[in-house]
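Undergrad: Chains A and B, in that order, are what the protein sequence lines are. Counting along the first sequence from 1, when you hit position 161 you're at 161 in UniProt numbering, and nothing is skipped either side. Counting along the second sequence from 1, when you hit position 22 you're at 22 in UniProt numbering, and nothing is skipped either side.
Misleading hints may appear alongside valid ones.
Listed below are the simulated SDA-like cross-link pairs for lysine to any residue, each with C-alpha atoms no more than 25 Å apart in a straight line [as the list claims (entries may be wrong)]:
(1) B:Lys100 with B:Gly123
(2) B:Lys178 with A:Ala207
(3) B:Lys100 with B:Gln122
(4) A:Lys232 with B:Lys178
(5) B:Lys276 with A:Thr245
(6) B:Lys232 with A:Gln256
(7) A:Lys276 with A:Gly265
Simulated from the structure, these hints should not be mistaken for laboratory data. Computed from a predicted model, the values in this text were never measured in an experiment.
One-letter residues, chain by chain:
2 protein chains.
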Amino acid sequence: MAAPPQPVPAPAAASPEVFRLGFIGPGNLAESIARGVAASGVLPATAIRTAPHRRPERAEAFSSIGAHILETNAQVVDDSDVIVISVKPQIVRQVLVELKPLLSEEKLLVSIAAGIKMEDLQGWSGHRRFIRVMPNTPSAVGQAASVMCLGEMATENDENRVRSLFSAIGKVWTAEEKYFDAVTGLSGSGPAYIFLAIEAMADGGVAAGLPRDLALGLASQTVLGAATMVNKTGKHPGQLKDMVTSPAGTTITGIQELEKGAFRGTLINAVVAATKRCRELSQS
Amino acid sequence: MAAPPQPVPAPAAASPEVFRLGFIGPGNLAESIARGVAASGVLPATAIRTAPHRRPERAEAFSSIGAHILETNAQVVDDSDVIVISVKPQIVRQVLVELKPLLSEEKLLVSIAAGIKMEDLQGWSGHRRFIRVMPNTPSAVGQAASVMCLGEMATENDENRVRSLFSAIGKVWTAEEKYFDAVTGLSGSGPAYIFLAIEAMADGGVAAGLPRDLALGLASQTVLGAATMVNKTGKHPGQLKDMVTSPAGTTITGIQELEKGAFRGTLINAVVAATKRCRELSQS
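Excised from the complex, chain A in its bound form (with noise of 0.2 Å):
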């Protein structure tokens, strides 16, 4: 029997400690971090900054959830002891080598950019206290899946202030870099095979004759309903299966159907392609 595949969990709420948080971009997801964090009572709302210069609307969506709103990069920097880079991949370099004289030892900065390795998000900033943070897209809605790497002179407790951030957001995992590729095919890419398997779940379930509606609402529910039994029962989702299927019923009528169909062969193809091109990409 499978050992629960839990994370680490974040460090007890019982003795919160207060640091000052800022973001360099503030973007959907830096957004989605701090909505989490304030909502979640990780750090009050006024220990988190961010500079929307020459993106007003943004500074609303700050404002609207308490953060402070500076002017300058150079100020939330300035003001921060954990410093969120969550500006587009593309102009990481050019924010680090910008920043890079401002940057003292007591400051811990973390880049959520995707790709960007800690070599060179090191080698850029001149900053060797660097946590790297791979988060998906569900953080949105508060079940993100986010993978960390350390740098060379981030500490324990650096790792747990930022274990406690994405925990506002979902669950967090501790893993060495050269897991990242993979973790990209994985859980990066892994939401989109899911949308694609309840839209046919859906059009499976129109096939059979349901209307439309009632067939997406079950499909989407069914799947969050799975996840959920996995996630808080601890057992493997293969014992999770042979638990509901009865001799010769409909569920494994149905899963003879997806093995006919190299439905698993299929998935795991995915995931080493996505895998692959995430390698290709990070070399070019």
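With chain A fixed as given, assemble chain B onto it according to the hints.
TA: Then chain B, alone, in the frame of chain A:
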């Protein structure tokens, strides 16, 4: 843009109407419903009763919720306004024939027995105030997808009462009984398809180089996150897929692999085959 596939919400909890709820057959699903109902405040635990005769270990499960433990099914019927028939499908006929002399018009009967048709339920019991419900296994974790259909004499108030009960363990839709075979093929058997998908995505992660535990944890959380996005945003899964596929990126590479393997067609086949099997079983 498709409308969000949401079921009709349960009546507001503002004016909870207390009725006495009895279970004939104190099994696992009955326990899930009782727990959900008590935990969510739909009814006080003291409004719930069952008779775990011949199964003393089940008395403890229901006692721990705070439910009344009676000695016979006849007592449960006598002391309840809404009576859930939660015995195994094979003995529903025998149980209903036994209870027949005790059923008055004020009683609402609810059957959760898979595959037993309304016509038979009404015929065996001689009772027409009946609701048939098809929940699925994630009811154990509060994330069921349930569909109900109404018997000849069931009222709108009966429908609301049953909706409030099953809303305590997940989502509920009302539909015509003719859809129940397809509901079984989709939401009844569907959790097993997703258990296979989670296992396969984890296998894909391992094939791409991830440790097993990390792969399994990321796979189940990614499926949960994607389904939560569909449920919470109300966006069509096809639209959500489009939003996360960057040009020549990793996600579209994975999707290309899924389409090559007829991933969607295979899932459609599974739902249709399970529905067909359900139809066969209900005719045998």
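Undergrad: Would the hint linking lysine 100 (chain B) and glycine 123 (chain B) be met if the CA-CA limit is 25 Å?
TA: Between lysine 100 (chain B) and glycine 123 (chain B) the Cα gap is close to 10 Å, so the pair holds against 25 Å.
Undergrad: Starting from lysine 178 (chain B), check that the Cα of alanine 207 (chain A) is at most 25 Å away, please.
TA: holds (14 Å)
Undergrad: Do the alpha carbons of lysine 276 (chain A) and glycine 265 (chain A) lie within 25 Å of each other, as the hint requires?
TA: holds (16 Å)
Undergrad: Would you mind confirming whether the straight-line C-alpha gap from lysine 276 (chain B) to threonine 245 (chain A) stays at or under 25 Å?
TA: Holds, at about 16 Å.
Undergrad: For the pair supplied as a hint, lysine 100 (chain B) and glutamine 122 (chain B), confirm whether the alpha-carbon distance does not exceed 25 Å.
TA: Holds - the C-alpha atoms of glutamine 122 (chain B) and lysine 100 (chain B) are around 10 Å apart, at most 25 Å.
Undergrad: Given the hinted pair lysine 232 (chain B) and glutamine 256 (chain A), is their alpha-carbon gap at most 25 Å?
TA: violated (32 Å)
Undergrad: Can you confirm whether the C-alpha distance between lysine 232 (chain A) and lysine 178 (chain B) stays at or below 25 Å?
TA: Since the Cα atoms of lysine 232 (chain A) and lysine 178 (chain B) sit roughly 33 Å apart, the hinted pair is violated (cutoff 25 Å).
In the structure shown, a violation is registered for the earlier hints numbered 4 and 6, in ascending order.
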